[in-house]
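Asker: Residue numbers (the numbering used here), protein chains in the order written: chain P, 144 to 427; chain Y, 101 to 535.
Worth flagging that the hints you see were computed from the coordinates, not collected in a lab. For glycine and all other residues, C-beta sits at the position ideal for the given N, C-alpha and C. Please note that the accuracy of each hint is not assured.
Stated by the list, open to error - Which stretches of chain Y does chain P cover? Using the computed rule of at least three CB atoms under 8 Å from a CB of chain P, they are: (1) 212 to 222; (2) 296 to 308.
What the hints assert, rightly or not - Computed beta-carbon distance windows for the label pairs: (3) Arg180(Y) <-> Leu256(P): 13 to 21 Å; (4) Arg289(Y) <-> Asn266(P): 20 to 28 Å; (5) Leu256(P) <-> Gly348(Y): 23 to 31 Å; (6) Leu520(Y) <-> Met316(P): 55 to 63 Å; (7) Trp422(P) <-> Pro360(Y): 50 to 58 Å; (8) Trp191(P) <-> Pro360(Y): 36 to 44 Å; (9) Gly137(Y) <-> Leu256(P): 43 to 51 Å; (10) Ser426(P) <-> Lys347(Y): 57 to 65 Å; (11) Leu249(P) <-> Arg448(Y): 31 to 39 Å; (12) Ala154(Y) <-> Asn266(P): 17 to 25 Å.
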Amino acid sequence: MSILLMAPALLLLLAVFLWPIVHYAWLSLQAQSVFTGLKPVPVGLANWERLLGDGRFWQDAVQTLRFALVSVGLELLLGLAIALLLHQSWRGRGLVRSLTLLPWALPTTVMALGWRWILNDPNGPINGFLELLGLPSLPFLASTQLAWLAVVLADTWKTTPFVALLLLAGMQMIPADLYEAFALEGGRPMQGLLRITLPLLRPYIFIALVFRLAQALGVFDLVTVLTGGGPASSTESLALYAYLNAMRFLDFGYSATLMLGTFVLLLAAALALVLAQRWRRASA
Amino acid sequence: MINFAAVRPWGQLGPGGRRILLAAALGLGLALALLWGSIAWASRPTTVRVLMPAPFADSTAMLVESFNREHPDLRIVVTRGPLETEAVSDLAISSLLLGDSPYDLLLMDVTWTAKYAAAGWLLPLDGWLGPTPLAPLAPGARAGNRIDGTLWRLPMLADMGLLYWRTDLIAAPPQTPAELVAISERLQRQGKVRWGYVWQGRQYEGLSCVFLELLRGFGGNWQSSGEGLGSPAATRAASWLRELIVKGISPAAVANFAEPEALQSFEAGEAAFMRNWPYAWQELQGPASRVAGKVDVTLMVAEVGQPHGATQGSWGLSVLASSPHPAAAVEALKALTGEAGQRRLVQRWGYSPTLTALFDDPALVAERPLLPVLQSALESVVLRPINPGYAQLSDILQRQLSSVITGEVEPALAMERAGLASQQLLEASGRGGGR
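Using the sequences and the hints, build the whole thing.
Answerer: Next up, the structure:
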C-alpha cells in the first residue's frame with residue numbers, strides 16, 4: 144500500500160532525475176554533432192577517451208572548484224559576521240536587514256553587467272578611484288590573475304546575503320536562556336559564540352554550504368556575462384564549456400559527456416566528504 | 101399558389117415550432133459567421149517572421165514598414181533579438197533544436213551558414229531567386245553564400261575590418277605593421293594620444309576577425325579547410341599583437357575589449373588608430389565624438405609585398421527549412437536584400453552595400469564618400485573558414501590568442517597548439533587534415 148502512495152512521487156523523480164541521466168549516458172556513447180547532421184552515431188567510449196585527455200576539461204574543473212571553494216568560503220565567513228550583526232538588536236536593524244537582501248534580489252545577469260562596468264578599465268569607478276589616488280588602473284577583466292578574483296568578488300557580493308539570512312534564521316532558533324545561563328556562569332561573549340552559537344548553528348551552516356556549493360559548482364550565468372570565460376579561458380567553468388559544446392559547436396555527444404563527467408567528479412567529491420566525516424566521527 | 105392565409109404569424113406557432121425556428125436561425129447565423137470568418141482567415145496576410153540582432157531590427161524597421169504597406173497580402177514581423185551576435189545564434193539554435201522554430205527568416209553572420217546548413221536547418225535557395233542570384237553582388241560579397249554548390253543565403257550588408265586613423269595627427273596612414281608601431285610611439289611620446297592603437301582583444305569572435313586580416317598581412321592564410329594556424333606567419337602576427345601591449349601602444353585592457361570599448365576609447369580621442377567595422381564611421385561623426393571630422397579609413401596594415409586583408413563579416417538572410425510558407429519568406433528576403441532596400445540602409449545608416457550597382461552610383465557615392473574605400477576593402481576581403489565546425493575552430497584560435505595577448509603563453513607555442521588542435525578537430529570530424 145505504501146509503495147502505491149509513494150508511486151506518483153517516485154515516478155516524478157524518475158522522470159526529472161533518472162531519465163536525463165540515462166539519456167545523457169546514452170548520448171555520451173554517440174557522436175551527435177553538426178558533423179553527423181545532428182544524427183546520433185554510436186562511437187563507443189570515444190567521447191570518454193577524449194574527455195580524459197582533454198586538458199581544457201581538467202583546467203575548467205580546477206578553475207570551477209577553486210572558484211566554488213574560495214567564494215563559498217568567503218560567503219560563509221562574511222555571512223556569519225553579517226548574521227551576528229543583524230542578530231543583535233539596534234536601531235534601524237529592520238531597514239538594514241532588508242537592504243542586505245538587495246544584492247540577492249538582483250538577477251545575476253544584471254548584477255554581472257553592473258560589475259563589468261564597475262571593473263571597467265580604465266573608465267570604471269574602481270579604476271577612477273585608483274587614478275584619483277595616483278595609482279595605475281588595474282585590468283581586472285583582462286588579466287588571468289585578476290579576472291577569476293573578479294568573478295569571486297561578484298559572486299560573494301551577490302550571495303553573501305543568502306548565507307547571512309540562513310544563518311540568521313538559525314541563530315534565532317537558539318533559545319536565549321542558553322546565553323543567559325552561560326553569562327551567569329561567567330562565560331564571555333566570544334566563548335558563547337564558539338561554545339553555543341557555532342555548534343548549534345552547524346545544521347544551518349551545512350545547509351548553506353550544500354546549497355551554495357551546488358550552485359557555485361554549476362556557475363554559468365555570472366561567468367558568461369562578466370568575462371565570457373576569458374581571458375585565455377582562465378574563468379571558464381565546466382558548465383560554460385559544456386554549453387559551448389552544445390549550443391555553439393553543436394556537439395551534443397561530447398557536451399553530454401562533459402556534463403556527466405562533471406556529475407561524476409561532484410559525486411566523487413561528495414563521497415569523499417561523507418567518508419571523511421564518517422572517519423572523523425569514528426576516530427572521535 | 102401560396103396560401104397566405106395558411107402562413108401563420110409568430111404568435112400562432114406552437115412552442116415546439118418556435119424552438120425549431122430559433123434553432124434554424126441560430127444555425128444559419130453560426131454558418132454565416134463561420135463562412136465570414138474563414139474568408140477573413142484566408143485573406144489574412146501571410147506573416148513572415150524574421151529574427152535579427154537588435155541593431156539590425158532597428159535599422160531595417162523602415163524597410164519592413166514600406167514592405168508591409170506595399171504588400172497587403174504579406175506581412176513581415178521582425179523579432180528583435182539580443183544585442184550580441186552570438187546570443188542571437190544561441191536564441192535561434194534553441195528554437196531550432198526544440199523542433200518548432202517560430203521564424204521563417206534568420207539574419208545571420210556569414211560564419212554561421214555552414215553550421216546551420218550542415219544541421220539541415222536552412223532551405224536551399226537555388227531555383228527561388230532566378231538563374232544568377234549572385235551576379236549583382238560585388239565580387240568580395242559573393243563568397244560565403246554558396247557552400248559546396250548550394251546557395252544558402254543572400255547578403256543584406258557587407259562588413260569588413262577597417263583601420264581607422266586620425267587625420268589631425270598624421271598626413272598619411274601606416275602601410276606596414278612596423279610603421280603603425282613607429283607612428284604610434286612617436287605620437288605617444290609627443291603626448292598627442294594616450295594609446296597608439298585600440299582593437300578587439302577579448303576572447304570572442306572579434307579576436308579571430310582581428311587576427312585573420314593581420315595574418316593575411318603577414319603572409320599567412322587561414323585556409324577554408326581550417327588549416328594554417330600553425331604557420332610561422334601566424335606566429336609573427338600573434339607576436340606583433342602581444343608586442344603592442346608590451347610596448348604600451350595598446351592598453352593591457354585591450355585583452356577585454358570588444359567593438360564598443362575600442363570605439364569608446366577612439367571616440368574620446370585617446371588613440372591614434374582603431375580597428376573596427378564600417379558602422380563605426382557614422383558613430384564617430386556623431387555629437388558624442390571628439391574626433392568628428394578628423395577620421396579617415398583605410399585597410400589593415402600588411403608587411404611589404406603582402407596583401408592588405410579585410411575580414412569579411414557580412415550579414416545575410418537565410419530561409420529556414422521549417423518555414424510553412426517559403427515563397428512568402430523568399431519574397432521578404434528579396435525585398436530586404438534588394439537594391440532599393442540596401443540603398444536606404446546605406447543612406448540612413450552608412451552600412452556597406454553588397455551590390456555593384458550601389459558602389460558604382462555616383463549620387464550615392466557623393467552622399468556617402470566612404471563607399472570607394474568600402475569597395476576596395478570588399479575587394480580585399482579574407483574569409484573565415486567555411487566549415488560546419490567553424491565555431492570550434494575559432495574557439496581554439498581565440499583561446500590561444502588570448503593567452504598570447506595576456507602573456508600566458510609564448511606566441512610560437514600557442515600557435516603550434518592552435519594548429520594541432522584544429523587539425524585534430526578536422527581529422528575527428530572527417531573533414532580536412534592530410535590535404
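Asker: Run every hint past the structure and note whether it holds.
Answerer: Here's how the hints hold up against the structure:
1. Coverage of the region 212 to 222 of chain Y by chain P holds in this model, with 4 residues showing a Cβ closer than 8 Å to a Cβ of that chain against a need of three.
2. Counting residues of the region 296 to 308 of chain Y whose beta carbon lies closer than 8 Å to any beta carbon of chain P gives 4, which meets the minimum of three for the stated coverage.
3. Between Arg180(Y) and Leu256(P) the C-beta distance comes to about 18 Å, which sits within the given range of 13 to 21 Å.
4. Range check, Arg289(Y) to Asn266(P): about 24 Å between beta-carbon atoms, so the 20 to 28 Å window is met.
5. For Leu256(P) paired with Gly348(Y), a C-beta distance near 29 Å keeps the hint of 23 to 31 Å intact.
6. The beta-carbon spacing between Leu520(Y) and Met316(P), approximately 58 Å, falls within the hinted interval of 55 to 63 Å.
7. With their beta carbons about 54 Å apart, Trp422(P) and Pro360(Y) fall inside the hinted range of 50 to 58 Å.
8. The beta-carbon spacing between Trp191(P) and Pro360(Y), approximately 41 Å, falls within the hinted interval of 36 to 44 Å.
9. One distance hint, 43 to 51 Å for the beta-carbon pair Gly137(Y) and Leu256(P), holds here, with the actual separation near 47 Å.
10. The beta-carbon spacing between Ser426(P) and Lys347(Y), approximately 60 Å, falls within the hinted interval of 57 to 65 Å.
11. In this structure the hint that Leu249(P) and Arg448(Y) lie 31 to 39 Å apart at CB holds, the actual value being about 37 Å.
12. Taking the beta carbon of each, Ala154(Y) and Asn266(P) are about 23 Å apart, inside 17 to 25 Å as hinted.
Every hint, counting from the list given before, is met by this structure.
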